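Same order as they appear, the protein sequences are chains V, H and U. Counting in this note's numbering, the first sequence runs from 24 upward without gaps. Counting in this note's numbering, the second sequence runs from 1306 upward without gaps. Counting in this note's numbering, the third sequence runs from 514 upward without gaps.
Worth flagging that the hints you see were computed from the coordinates, not collected in a lab. In this text the structure is predicted, and so the values were computed from the model without any measurement. The C-beta atom is built at its ideal place from N, Cα and C for all residues, glycine as well. Check the hints yourself; a few may be wrong.
[Said to hold, decoys possible] One-sided excerpt, in silico: chain U residues whose CB lies under 7 Å from chain H:
| no. | residue |
| --- | --- |
| 1 | Gly541 |
| 2 | Asp596 |
| 3 | Cys599 |
| 4 | Asp600 |
| 5 | Pro626 |
[As the list claims (entries may be wrong)] Distance condition first, Cα-Cα at most 25 Å in a straight line; then the derived BS3-like pairs of lysine-lysine:
| no. | chain 1 | residue 1 | chain 2 | residue 2 |
| --- | --- | --- | --- | --- |
| 6 | H | Lys1785 | H | Lys1905 |
| 7 | U | Lys681 | U | Lys619 |
| 8 | H | Lys1907 | H | Lys1919 |
| 9 | U | Lys552 | V | Lys65 |
| 10 | H | Lys1448 | V | Lys48 |
| 11 | H | Lys1448 | V | Lys65 |
| 12 | H | Lys1919 | H | Lys1905 |
| 13 | H | Lys1678 | H | Lys1840 |
| 14 | H | Lys1448 | V | Lys44 |
| 15 | H | Lys1785 | H | Lys1907 |
| 16 | U | Lys681 | U | Lys561 |
| 17 | H | Lys1785 | H | Lys1919 |
Now for the letters of each chain:
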Amino acid sequence: MTFLARILVFPREGVLDTQGKAVEKSLNRIGFGSVREVRVGKYIQVLLEADSEADAAAAAESMCGELLVNDLIEDHTVQVGPWKP
Amino acid sequence: MRPDHRAAGLSDAEYGEIIRTLGREPEHAELMILGVMWSEHCSYKSTRRLLSSLPTSGEAVVQGPGENAGIVDIGEGWGIAFKVESHNHPSAVAPYQGAATGVGGIIRDVLAMGARPVALLDGLCLGGQSCPEAAALADGIVKGIAGYGNAVGVPTIGGKTLYDGCYNSNPLVNAMCLGLVPLDGIVSSRTARPGQLAVLIGSRTGRDGIAGAAFASSGLADDTRSSRPQVQIGDPFVEKLLVECCLEIHSKGLIVAMQDMGAAGITSSSSEIAAKSGTGIRINADLVPLREEMEPWEIALSESQERMLLIAEEEALEEIGSIADRWQLDWAVIGEVTDDGLFVMTKGGREVVSLPAEMVGGGCPSVQWPSRKPSGGVKGRGVPSGLLDPPETARCLSTILEDPNLAERSRIYRQYDYMVQTNTVVPPGNSVSIFRVRENRSFVAVTMEVDPWKCSLDPFAGAAETFLKALRPLWVSGAKHLGMTNCLNFPSPEDPENHWILERSVSGLAAVARDLACPVVSGNVSLYNESPSGKILPSPLVAVVGLQDCNSPPLRDSATLEAGSVFLVGDTQGTLGGGAFSRIITPGAEHNPGDYVPLKEKDFMERALKTVRKEAAAAGRAIAGGGLMTSLAKMCIKADIGIGLDSAVLDSDPECLFGEWGPRAVYLVPERSTELFLSCWEGFPVRRIGEITPGGLTLDGHEMLPEETRAEKAGRK
Amino acid sequence: MTDLVWHEHTTLPRDTGLVVLPGGFSYGDYLRCGAIAAKSPIIDAVIKHASSGLPVLGICNGFQILTEIGLLPGALLANTSLDFICDFCHVRVEREDTPFTGHYRKGEVLRIPIAHYEGRFYLPEEQLRALEEEGLVVFRYCSPEGVTGEDFTPNGSPNGIAGIINRKGNVLGMMPHPERATESLLGSSDGAPLWASVNSWIRGRLGV
Chain V
24 MTFLARILVF
34 PREGVLDTQG
44 KAVEKSLNRI
54 GFGSVREVRV
64 GKYIQVLLEA
74 DSEADAAAAA
84 ESMCGELLVN
94 DLIEDHTVQV
104 GPWKP
Chain H
1306 MRPDHRAAGL
1316 SDAEYGEIIR
1326 TLGREPEHAE
1336 LMILGVMWSE
1346 HCSYKSTRRL
1356 LSSLPTSGEA
1366 VVQGPGENAG
1376 IVDIGEGWGI
1386 AFKVESHNHP
1396 SAVAPYQGAA
1406 TGVGGIIRDV
1416 LAMGARPVAL
1426 LDGLCLGGQS
1436 CPEAAALADG
1446 IVKGIAGYGN
1456 AVGVPTIGGK
1466 TLYDGCYNSN
1476 PLVNAMCLGL
1486 VPLDGIVSSR
1496 TARPGQLAVL
1506 IGSRTGRDGI
1516 AGAAFASSGL
1526 ADDTRSSRPQ
1536 VQIGDPFVEK
1546 LLVECCLEIH
1556 SKGLIVAMQD
1566 MGAAGITSSS
1576 SEIAAKSGTG
1586 IRINADLVPL
1596 REEMEPWEIA
1606 LSESQERMLL
1616 IAEEEALEEI
1626 GSIADRWQLD
1636 WAVIGEVTDD
1646 GLFVMTKGGR
1656 EVVSLPAEMV
1666 GGGCPSVQWP
1676 SRKPSGGVKG
1686 RGVPSGLLDP
1696 PETARCLSTI
1706 LEDPNLAERS
1716 RIYRQYDYMV
1726 QTNTVVPPGN
1736 SVSIFRVREN
1746 RSFVAVTMEV
1756 DPWKCSLDPF
1766 AGAAETFLKA
1776 LRPLWVSGAK
1786 HLGMTNCLNF
1796 PSPEDPENHW
1806 ILERSVSGLA
1816 AVARDLACPV
1826 VSGNVSLYNE
1836 SPSGKILPSP
1846 LVAVVGLQDC
1856 NSPPLRDSAT
1866 LEAGSVFLVG
1876 DTQGTLGGGA
1886 FSRIITPGAE
1896 HNPGDYVPLK
1906 EKDFMERALK
1916 TVRKEAAAAG
1926 RAIAGGGLMT
1936 SLAKMCIKAD
1946 IGIGLDSAVL
1956 DSDPECLFGE
1966 WGPRAVYLVP
1976 ERSTELFLSC
1986 WEGFPVRRIG
1996 EITPGGLTLD
2006 GHEMLPEETR
2016 AEKAGRK
Chain U
514 MTDLVWHEHT
524 TLPRDTGLVV
534 LPGGFSYGDY
544 LRCGAIAAKS
554 PIIDAVIKHA
564 SSGLPVLGIC
574 NGFQILTEIG
584 LLPGALLANT
594 SLDFICDFCH
604 VRVEREDTPF
614 TGHYRKGEVL
624 RIPIAHYEGR
634 FYLPEEQLRA
644 LEEEGLVVFR
654 YCSPEGVTGE
664 DFTPNGSPNG
674 IAGIINRKGN
684 VLGMMPHPER
694 ATESLLGSSD
704 GAPLWASVNS
714 WIRGRLGV
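So here's chain V without its partners, still in its complex pose (with noise of 0.2 Å):
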């Protein structure tokens, strides 16, 4: 079966998100006073085949491990779902 993997990663707190804060200044120029933070992060889409929701998860969440995100710096969320083209 195709799973499609949503992966989010984004700045761990604590660290200086120097894109976030640059990003959050101009929204506040330009006119949205009630923006209070802004984190930049990015979205990777993974297509995978696994017998199962739950491995492609595991899968999903091994990648994160090994190669999509360095912890020390970066926070992720995986979303799982059956891929629907």
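Take the given structure of chain V and dock chains H and U to it, following the hints.
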């Protein structure tokens, strides 16, 4: 439904010509292809006749125009391939990607000659800094150049940046690349023979930049956002792999001919090889590695980046494939060279395109637009400018130094890796950029100039002066010019006044190229630089490549000296027309352009080169924007020295102090070299105008350069 | 003698003394700078080389790769200015007792180029303190006179950290480019002693 030929960008006359040549109506894909290949961008139809007036041969020229880049001989069997190319329209709609892919494209042009890319320069004409839209474009453009050039590992060693409101929504991005090539290893695009195979290496093909070439041949639409799908995305990592891969394949002697896939992608690269080689070529669209499902004409015209087309013998295929695999690049045989003179494309076994290769890749009928001298007259009237006392001179100088066009550019070039490859001898921020060539122990010097203000005042004299402004600093640094490349950035040639200005500008360039024996070896034309808010000023950009042997080190444009004399060579008076003084201090005043006097330039050249050869000066600077005082101020700031000027030998009018045009330079000369220096300049106007002092730039004891200005400009704050 | 080793190989040349992970944009800096290169087949051999006590030097992207491999602690984040910075800067030598710095004196100031977008060293505060207490910072950005501080740190790196070494003292990572500062023709030769240092060290160690 058959698309209208006008929608494909063809005029009625052009369409008639096509039907006459083919003896039939073109198929849909054929029409789309001809629309692009006969666009101004691909065919140079409006300028071909004009460009033929440029001298293209000379002692050092190994390859003139007509190939992917020109090549000059730098001795001991080595050559420098170089070219400048515009990416103006793409940068106006997507500044980061537009500028980035401009860099990528010019690197592949140089690579296509078999050369290893060793240096980049960029000519940027950006909008006024007070315009937020222009500032955002400028930022994106610089980031795009940095993002691509830094990652691909080719140093950005210099260039030219200027600001004017006419570029607010139509910035100019002219990217230049220089490559090092062994003269016995030059690759050509005219050497294909029937039976050889066409191999595509690099990125997969997608819908990027479909019909971008046609896009570059018309004015910018009102809403540039709607043009966005046409923009290509650059991948500097794949480009780096492509460079190494193609050079490795070439080093094994496996390449017969090579073309980069720029504008009009597979169509232009393959049809040009066929047209130049006098063969045909048959491309099978089914074999092209794709990212997505595409129509045949889209495959033919896609401008997906980071692709090269190689022509090779069948026996070479296995080795080519294994090299490409090692570099993890996609590759495929997509066709073969034929002997029927046709550019054919098949899809699913059916011929969807069958056109004479010459008709596709050999250019279309020239277009002759009418010319008319602008009615208002283009020359100033020569308003007398009056005299300046020292305090007034100081005020003018500080106003000029505040102008963004005269400011130093470290905020930009610090974002470029200008040292990678470890050959950069004179980095950005100097009058010339110089890198060394280890292979033959020489220095290659490069300069780039564009001066829209002088060109709009007098296109002939202005273009000539632009060229000379690129030549003089080379000479002063000790390098002899070998050849030039240019990019003709102009508005629509369909307007008779624009066309007259274009013609006169090309004449100005041709005159200098001829008189000073600096041939044009490559170039690019970018017309239709207009947007609803107006058209750009005439902006021909010139880049000159020069050579210096390593026996005498390049002369710097400033030096830290304890003591010595300051000499002015050349006329005491410059000319104000189109210069910084007239633009910044007396806007609205009309001043005359300068005269181009070839003999004076030649004299200047010989003496400047001799000065370096004899090591007769500690520093030298050709006088350019902002004139004598600005040049002196920059020397003081840069080397943290002082200069005391002797007002008795200087005139106190702006022509002397701030005038531009013509061969003039300032030299710093140690006392022991004075005689030697004077002997170098014998027979040319030369006078001692002051001396090196512990600090400050003074005229008659008045400080011209307050300490705050010095510190701020030197970045010491 | 210097050999280039292909990233897909799995062994280093016999008798390798120093392994250098040079600067550059491995894999276009995609995902995170150094992350993909850290998974190259050759890396196991580099780790083995390091664990045998022989020197490994990571410069710029090489430093980033070393942190991704885990041979050095921390990570390199975007410069505070969010600009790529290419410039000569000054760094102070903090240790002269490493294989890489034996030809320098402690406190010596070097003029040496940087060229990076991600050079701001990061470690959580406590670990950073430990790193400092253990004296693992080898180079620090400074003024031409050797004064450290935020004003003299081009990329916002904490404590002006420009280069660090592992506890064992044989793996050095640094953002500045010593290989770009070996000839005065190109602006500085202050990086040359680093190469001489490591050369002497290897000769001493291998007895050649």
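Now the hints, each set against the structure:
{"no.": "1", "hint": "Gly541", "result": "holds (3 Å)"}
{"no.": "2", "hint": "Asp596", "result": "holds (5 Å)"}
{"no.": "3", "hint": "Cys599", "result": "holds (5 Å)"}
{"no.": "4", "hint": "Asp600", "result": "holds (5 Å)"}
{"no.": "5", "hint": "Pro626", "result": "holds (6 Å)"}
{"no.": "6", "hint": "H:Lys1785 with H:Lys1905", "result": "holds (16 Å)"}
{"no.": "7", "hint": "U:Lys681 with U:Lys619", "result": "holds (19 Å)"}
{"no.": "8", "hint": "H:Lys1907 with H:Lys1919", "result": "holds (18 Å)"}
{"no.": "9", "hint": "U:Lys552 with V:Lys65", "result": "holds (20 Å)"}
{"no.": "10", "hint": "H:Lys1448 with V:Lys48", "result": "holds (19 Å)"}
{"no.": "11", "hint": "H:Lys1448 with V:Lys65", "result": "holds (20 Å)"}
{"no.": "12", "hint": "H:Lys1919 with H:Lys1905", "result": "holds (21 Å)"}
{"no.": "13", "hint": "H:Lys1678 with H:Lys1840", "result": "holds (17 Å)"}
{"no.": "14", "hint": "H:Lys1448 with V:Lys44", "result": "holds (19 Å)"}
{"no.": "15", "hint": "H:Lys1785 with H:Lys1907", "result": "holds (12 Å)"}
{"no.": "16", "hint": "U:Lys681 with U:Lys561", "result": "holds (14 Å)"}
{"no.": "17", "hint": "H:Lys1785 with H:Lys1919", "result": "holds (15 Å)"}
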